[in-house]
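So the sequence shown is residues 67 to 496, counted in this note's numbering.
For the record, the hints were derived by calculation from the structure and aren't laboratory data. Heads up, the beta-carbon is just placed ideally off N, CA and C, and yes, glycines get one too. Everything hinted at is true.
If you anchor each label on the Cβ, the simulated ranges turn out as follows:
#	residue 1	residue 2	range
1	F105	H72	33 to 39 Å
2	G169	A102	36 to 42 Å
3	H110	H434	49 to 55 Å
4	S450	H110	51 to 57 Å
5	S450	P394	24 to 30 Å
6	N437	A108	43 to 49 Å
7	P235	T451	28 to 34 Å
8	A485	Y419	20 to 26 Å
9	H72	Q242	27 to 33 Å
10	Q363	D338	38 to 44 Å
11	T321	P88	26 to 32 Å
12	T441	P391	24 to 30 Å
13	F105	D482	53 to 59 Å
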Amino acid sequence: MADTPHYGFDTLQIHAGARPDPATGARQTPIYQTTAYVFRDAEHAAALFNLQEVGFIYSRLTNPTVSVLQERIATLEGGQGAVCCSSGHAAQIMALFPLMAPGRNVVASTRLYGGTVQQLTNTIRKFGWSARFVDTEDLDAVRAAIDDDTRAIFCESIANPGGYVTDIPALAEIAQAAGIPLIVDNTSASPYLCRPIEMGATLVVHSMTKYLTGNGTVTGGVVVDSGRFDWSASDKFPSLSQPEPAYHGLKFHETFGPLAFTFHGIAIGLRDLGMTLNPQAAHYTLLGIETLSLRMQRHVENAVKVASWLEKDPRIAQVTYAGLPSSPYYQRVQRLYPRGAGALFTFSVKGGYDACVKLVDSLELFSHVANLGDTRSLIIHPASTTHRQLTPEQQERAGAAPDVVRVSIGLEDADDLIADLDQALAKATA
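Construct the entire structure; sequences and hints are all you get.
Put into structure tokens, the structure is as follows:
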């Protein structure tokens, strides 16, 4: 399927990576529920362990069901390869792991999911890494934050929680000039709305839990490798350009070329970090991806209707949806995200924190959960939940102030969603 780029997105989301099962002829990809795989002989086993041959050894590293999912997502994102793992947060660590070392830093957008800010602010410090947070709308500030120890720029395509749309080509140009990769979290957009690699991104990460699976059943993450970065162009990335002791001096960039990052993610990342995706989760995500384009079209259609209604309601102070003509990001959406601005955004209720909490508690159709990208419409108050660990200043920069609620618009009838918001707002502002 990788050799047939003429197929459209709708076809690829169903067929990429999938082949009839060679043993049974089963058309749907089987769940290969096994921990290990039988070697043909001792020579075959040695070749696999030495990375001289591609195949299956142990399901912490590779699994046939997961492999189909990896190929499908890489194809949809326009990448060379992909590595699936257990969650979106695992994917972020997997993306940074080959790039970083003690004393190195990543320049990150201030507009990120609260858990990501926490991960980059506190957790990675235990590895000796650090993050420098900047407003990625200020391109001069991004350039100024990069120094000799910077190893990547990190952003979200559509930022959580506010739905702010990132200028990926501008950040890619800065990253290229600095000789470092741009990592884009494409969770909130999905490859149907945004393909960061086409805009210059080096790596793309997803929480597959969200739109890729689409139904709130399993967690999972993925790192997609563009295959376009020259890891040997400088001495900044020794894990990929220098001899690897665990494989008798093998150099990933020499041996695997454009798949260097992907094979490192499997042979080192999954082997030693163990953030493995189980085959049942991969199966559910494969099923979800088959309808991705159809779902995203409805998500966007509903989001436009709901956001437009909210914007006109006198009880609402602000709506951040980038798909509205009044948004400062609207022209960028038309230029970079022509299929739509997603279905994630925030709005502020007149009456502040107390009104927001009462609104959330008064809704009947929206689900009050810490998730997004579900078939169901979801709502949450970020300042007291997903962005609770941030300082008030960080919350403000992230778009998660105390008077803000976040919605992830689902696939229900938009009129029903509007009616639910209307009755809840009546109670919240009474």
